[in-house]
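Peer 1: For reference, the chains in residue letters:
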Amino acid sequence: MKKLLYFALALSLMLGTAHTAQSAKIGLMGPMTGSWASEGAEMKQVVDLLAEELNAKGGVLGAKIEVVSEDDGGDPRTAALAAQRLATQGITAVIGTYGSAVTEATQNIYNEAKIIQIANGSTAIRLSEKGLKYFFRTCPRDDEQAKVAAKTIEKLGVKKLAILHDNSTYAKGLADETKTLLEGNKDLQIVFFDALTPKEQDYTAILTKLKETKPDLVFFTGYYGEAGLLLKQKKEMNWAVPFMGGDATNNPDLVKIAGSDAAAGFYFVSAPLPKDLPTEEAKAFLAAFNKKYGHPPNSIYPVLAGDGFRVVTYAMEQTKSTDPDKIAAYLHNELKDFPGLTGKISFNDKGDRVGEVYRVYKVNTEGQFILEP
Amino acid sequence: MEQFFQQLTNGLAVGSIYALIALGYTMVYGVLKLINFAHSDLFTIGAYLGLTLLTSLSLTDRLGPLWGVILLAAMVMGFVALAGALLDRVAYRPLRESPRLSAVVSALGASIFLQNTVMLIYGARFQVYPTDILPKTVLHLFGLDVPLVRILVLFVSLVMMFGLYFFIQKTRIGTAIRAAAIDQGAARLMGIDVNRVILLVFMLGPALGGAAGLMVGLYYGQINFTMGWGYGLKAFTAAILGGIGNIPGAMLGGVLLGVIEAMGAAYLSFAWKDAIAFLVLILILIVRPTGLLGERVAEKV
Numbered sequence: 001m002k003k004l005l006y007f008a009l010a011l012s013l014m015l016g017t018a019h020t021a022q023s024a025k026i027g028l029m030g031p032m033t034g035s036w037a038s039e040g041a042e043m044k045q046v047v048d049l050l051a052e053e054l055n056a057k058g059g060v061l062g063a064k065i066e067v068v069s070e071d072d073g074g075d076p077r078t079a080a081l082a083a084q085r086l087a088t089q090g091i092t093a094v095i096g097t098y099g100s101a102v103t104e105a106t107q108n109i110y111n112e113a114k115i116i117q118i119a120n121g122s123t124a125i126r127l128s129e130k131g132l133k134y135f136f137r138t139c140p141r142d143d144e145q146a147k148v149a150a151k152t153i154e155k156l157g158v159k160k161l162a163i164l165h166d167n168s169t170y171a172k173g174l175a176d177e178t179k180t181l182l183e184g185n186k187d188l189q190i191v192f193f194d195a196l197t198p199k200e201q202d203y204t205a206i207l208t209k210l211k212e213t214k215p216d217l218v219f220f221t222g223y224y225g226e227a228g229l230l231l232k233q234k235k236e237m238n239w240a241v242p243f244m245g246g247d248a249t250n251n252p253d254l255v256k257i258a259g260s261d262a263a264a265g266f267y268f269v270s271a272p273l274p275k276d277l278p279t280e281e282a283k284a285f286l287a288a289f290n291k292k293y294g295h296p297p298n299s300i301y302p303v304l305a306g307d308g309f310r311v312v313t314y315a316m317e318q319t320k321s322t323d324p325d326k327i328a329a330y331l332h333n334e335l336k337d338f339p340g341l342t343g344k345i346s347f348n349d350k351g352d353r354v355g356e357v358y359r360v361y362k363v364n365t366e367g368q369f370i371l372e373p
Numbered sequence: 001m002e003q004f005f006q007q008l009t010n011g012l013a014v015g016s017i018y019a020l021i022a023l024g025y026t027m028v029y030g031v032l033k034l035i036n037f038a039h040s041d042l043f044t045i046g047a048y049l050g051l052t053l054l055t056s057l058s059l060t061d062r063l064g065p066l067w068g069v070i071l072l073a074a075m076v077m078g079f080v081a082l083a084g085a086l087l088d089r090v091a092y093r094p095l096r097e098s099p100r101l102s103a104v105v106s107a108l109g110a111s112i113f114l115q116n117t118v119m120l121i122y123g124a125r126f127q128v129y130p131t132d133i134l135p136k137t138v139l140h141l142f143g144l145d146v147p148l149v150r151i152l153v154l155f156v157s158l159v160m161m162f163g164l165y166f167f168i169q170k171t172r173i174g175t176a177i178r179a180a181a182i183d184q185g186a187a188r189l190m191g192i193d194v195n196r197v198i199l200l201v202f203m204l205g206p207a208l209g210g211a212a213g214l215m216v217g218l219y220y221g222q223i224n225f226t227m228g229w230g231y232g233l234k235a236f237t238a239a240i241l242g243g244i245g246n247i248p249g250a251m252l253g254g255v256l257l258g259v260i261e262a263m264g265a266a267y268l269s270f271a272w273k274d275a276i277a278f279l280v281l282i283l284i285l286i287v288r289p290t291g292l293l294g295e296r297v298a299e300k301v
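Read top to bottom, the protein sequences are chains A and B. With the first letter of the first sequence counted as 1, position 348 gets the number 348 in UniProt numbering; the numbers rise by one all the way through. With the first letter of the second sequence counted as 1, position 287 gets the number 287 in UniProt numbering; the numbers rise by one all the way through.
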């Protein structure tokens, strides 16, 4: 009896390894737990859906794609461990992650292991300035975003600007870049530049202080949770100043937290929402996502993770290989205007996405995000 | 000057919530000499439970906002008190005779367990309270804009805190709690059922913590499963600031901490708000190691 059991075990192990040899592995690293867990959970939904669709069409290079996901907890230390675990599992490329500081902790691990990394929500400038050969990202950089933000602020005719960040790598980077860009403008005065502590619920103290400086516009570069509370508490203070946010405020929960009356008139700079993309790919993706999960994607970053997945599987198909050098060379040099879910995708030699991706949105009185012309 | 008073009201509102949570830390410490790290997660549970009960029973539609919220508060406090009792039974009581470190480790474990349970049940996304329950009136008092809700939060917190204070000071059960806090062995000899006293402490503190969670949910509207961490840390600090184990101390510490933070944010940098709060704590501990209202207790030899 026991012998039979061992035999069965050995057989199943053999079958198991035979099975994995036939499939190509793509890693997904995202914040499945921790403060950004909602982003991570949706990243997994998006990538799982795309992998399923791809496998239904026969996979890549005649093999099924297997998605191996690891949780980085939105925390650099956890992320480094997650990257080490992924790096030992024979994956060709890894998608992720969200958060610049978190990505930074994993970059060298993947680079040394010769694994292609395509980040989806890490916009800090320095990530691609290190000259890492296998690093790419589908999200644009903070300096791109800051350019659009500065242009919008000037267009709105702001004379006194308050800038508020949350000391995270991303928010501080965006705030600093925007400040530098606007310092050359003589008609514009930056009357406030400071940070708040994220994850608190009472921001009346900083709002009171901000109000004293009488700005025409407050540019908050942090995340949607805090932005929603700021808008709500600003309204409770009877303060009518307009607010503007960066792309981390692009989330429908912003309106839920603030209430649509308080969120109305809020501007934000962001990569386009899937609903605002007229391409066939985006429409098909939205329909499929809706069908599988019963609601459209909440945030743009998981969709950008989907773009990373599509780009890398496409490159594998085109180069007919899983060799990281060939794929990296293809992505750097040959991939041009790939029809991504968030628009056309090409990469420059640093691995950054080329082209203007950012748009300006304004929240209307019903709490919908309307693309500004 | 106007900013000073506006910040004072800001600080008082936050501080009163810190104080309510701090009571739970201080009571458990007073009786068991244990820091109940899971207390902040009971606060989170209060916030989530409040949302679930509110939306699933539609209390405010049936009873109107006032009675709806009162009934809701009673239910939340009751359930969180039961959760507190359960926590004591599962995580602390088996370790009563063990070294104190085991109980502390158990407290940390319970905290992580509860936090992740909340995340698994409700998801990691922010949850949002309906915005139309509390009145949105903003009072204009002496040149200050003060939302009515903020005064309500302060008022309800104070009522609860003083209610607890009189309960502890004036009732027989309160006397038993105080006796058990001084010397459990002696209290037992006097015929006090110490285990029941501890159970009661583990119900009273969480009930107030749960109420604080509900208030935070109703007032700020946005809750998330990690919210207990920040509030818990501040409330714990407030308890130490006022003198841990001392009930009026926890109230004073909480309110004081809220005001110090708001003032630090106003007149120094906002980003340094937390650093200032903890710096004050360190300074007080250097000058007065027992905290503001703590008394020097002779150690048993």
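Worth flagging that the hints you see were computed from the coordinates, not collected in a lab. Cβ coordinates follow ideal geometry from the N, Cα and C atoms, glycine included. Hints are supplied without guarantee of correctness; some may be wrong.
Some chain B residues well away from chain A (every beta-carbon gap over 12 Å; in silico) [to be verified]:
no., residue
1, Glu2
2, Gly217
3, Asp274
Taking lysine-lysine pairs in the DSS-like style, the calculated list, with each CA pair at most 30 Å apart, reads [what the hints assert, rightly or not]:
no., chain 1, residue 1, chain 2, residue 2
4, B, Lys33, A, Lys214
5, A, Lys114, A, Lys179
6, B, Lys136, A, Lys211
7, A, Lys25, A, Lys350
8, A, Lys292, A, Lys344
9, A, Lys235, B, Lys33
10, A, Lys232, B, Lys136
11, A, Lys291, A, Lys44
12, A, Lys186, A, Lys199
13, A, Lys362, A, Lys133
14, A, Lys159, A, Lys133
15, B, Lys136, A, Lys362
16, A, Lys362, A, Lys114
17, B, Lys136, A, Lys199
18, A, Lys320, A, Lys283
19, A, Lys44, A, Lys211
20, A, Lys25, A, Lys211
21, A, Lys25, A, Lys155
Peer 1: Does the structure break any of the earlier hints, and which numbers would those be?
Peer 2: 1, 2, 3, 4, 5, 9, 12, 13, 14, 16, 19, 20, 21
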